[in-house]
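The whole structure should be built from the sequences, with the hints applied where relevant.
Number of protein chains: 2
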Amino acid sequence: MTHRAAPEHTHPDKVPLITALDALGDPVRLQLVRELAVSREWTRSCGSFDVPVRKAALSHHFSVLRAAGLVEQRDDGPKRVNRLRREEFDERFPGLLALVLRGD
Amino acid sequence: MTHRAAPEHTHPDKVPLITALDALGDPVRLQLVRELAVSREWTRSCGSFDVPVRKAALSHHFSVLRAAGLVEQRDDGPKRVNRLRREEFDERFPGLLALVLRGD
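Protein sequence lines, in the order shown, are assigned to chains A and L.
Under the working numbering, the first residue of the first sequence carries the number 162, and numbering increases by one thereafter.
Under the working numbering, the first residue of the second sequence carries the number 162, and numbering increases by one thereafter.
It is worth saying that the hints were derived from the structure and are not from the lab.
Just so you know, even glycine gets a beta-carbon here, dropped at the ideal spot from N, CA and C.
Possibly wrong hints are sitting among the right ones.
[Said to hold, decoys possible] Some chain A residues near chain L, calculated using beta-carbon distances under 10 Å:
# : residue
1 : Leu-178
2 : Ala-184
3 : Pro-188
4 : Leu-191
5 : Phe-254
[What the hints assert, rightly or not] Some chain L residues flagged as far from chain A (calculated, every beta-carbon gap over 12 Å):
#  : residue
6  : Ala-167
7  : His-170
8  : Val-199
9  : Ser-206
10 : Val-214
11 : Ser-224
12 : Glu-233
13 : Gly-238
Now the structure itself:
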């Protein structure tokens, strides 16, 4: 999948709490975050996640995660690769990612 | 406002993380929780909160908060009064309420 424009990002420092909670309160996005948390940075392309949604919906979910300061993306040749913004998100919302990553 | 049936509750122990996050990821519900947190238990009736929604929507928001283990309600004469389930929610999701109550 080739992307024309570079993705827009929001730094966690600029993210309201409600945006973060809303981003994480969705099963697909929770799964994306959890898979990213156990993957090396910049190794996961958008299509590599085990979530039951089509490309347009997936693209929307990644856009929500970027806007919530949770995910950073960059284009690597034809692929868009991802990393979890763990440290900076943790600093903004201490304990929230830990809660999400401990499972249920 | 008189209620026919007693409200149904879910104990925080039975609440999935995603249900809690989704319940809190809404501006009206966040406001309800924050106002409850600074009120004495069982002193706030459903109509006493400073939120810009009508009765039917408010009733839905309280139902979401009960299902997320965040709020307990009981009928006190003609009023339905509320308390935040602070201790038991905290035990289930440590740190989450603190994050919500610290403001933005």
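How the hints compare with the structure:
1. Leu-178: Since the shortest Cβ distance to chain L is 5 Å, the answer is holds.
2. Ala-184: Hint on Ala-184/A: holds, closest Cβ of chain L at ~8 Å, below 10 Å.
3. Pro-188: At 6 Å from the nearest chain L Cβ, Pro-188/A passes the 10 Å test, so the hint holds.
4. Leu-191: Since the shortest Cβ distance to chain L is 6 Å, the answer is holds.
5. Phe-254: Holds, because the Cβ-Cβ distance from Phe-254/A to chain L comes to roughly 6 Å (cut-off 10 Å).
6. Ala-167: Check passes; 27 Å lies beyond 12 Å.
7. His-170: Given a closest Cβ separation of 20 Å, the condition holds.
8. Val-199: 17 Å, holds
9. Ser-206: 25 Å, holds
10. Val-214: 16 Å, holds
11. Ser-224: 16 Å, holds
12. Glu-233: 21 Å, holds
13. Gly-238: 34 Å, holds
Checked against the numbered hints above, the structure breaks none of them.
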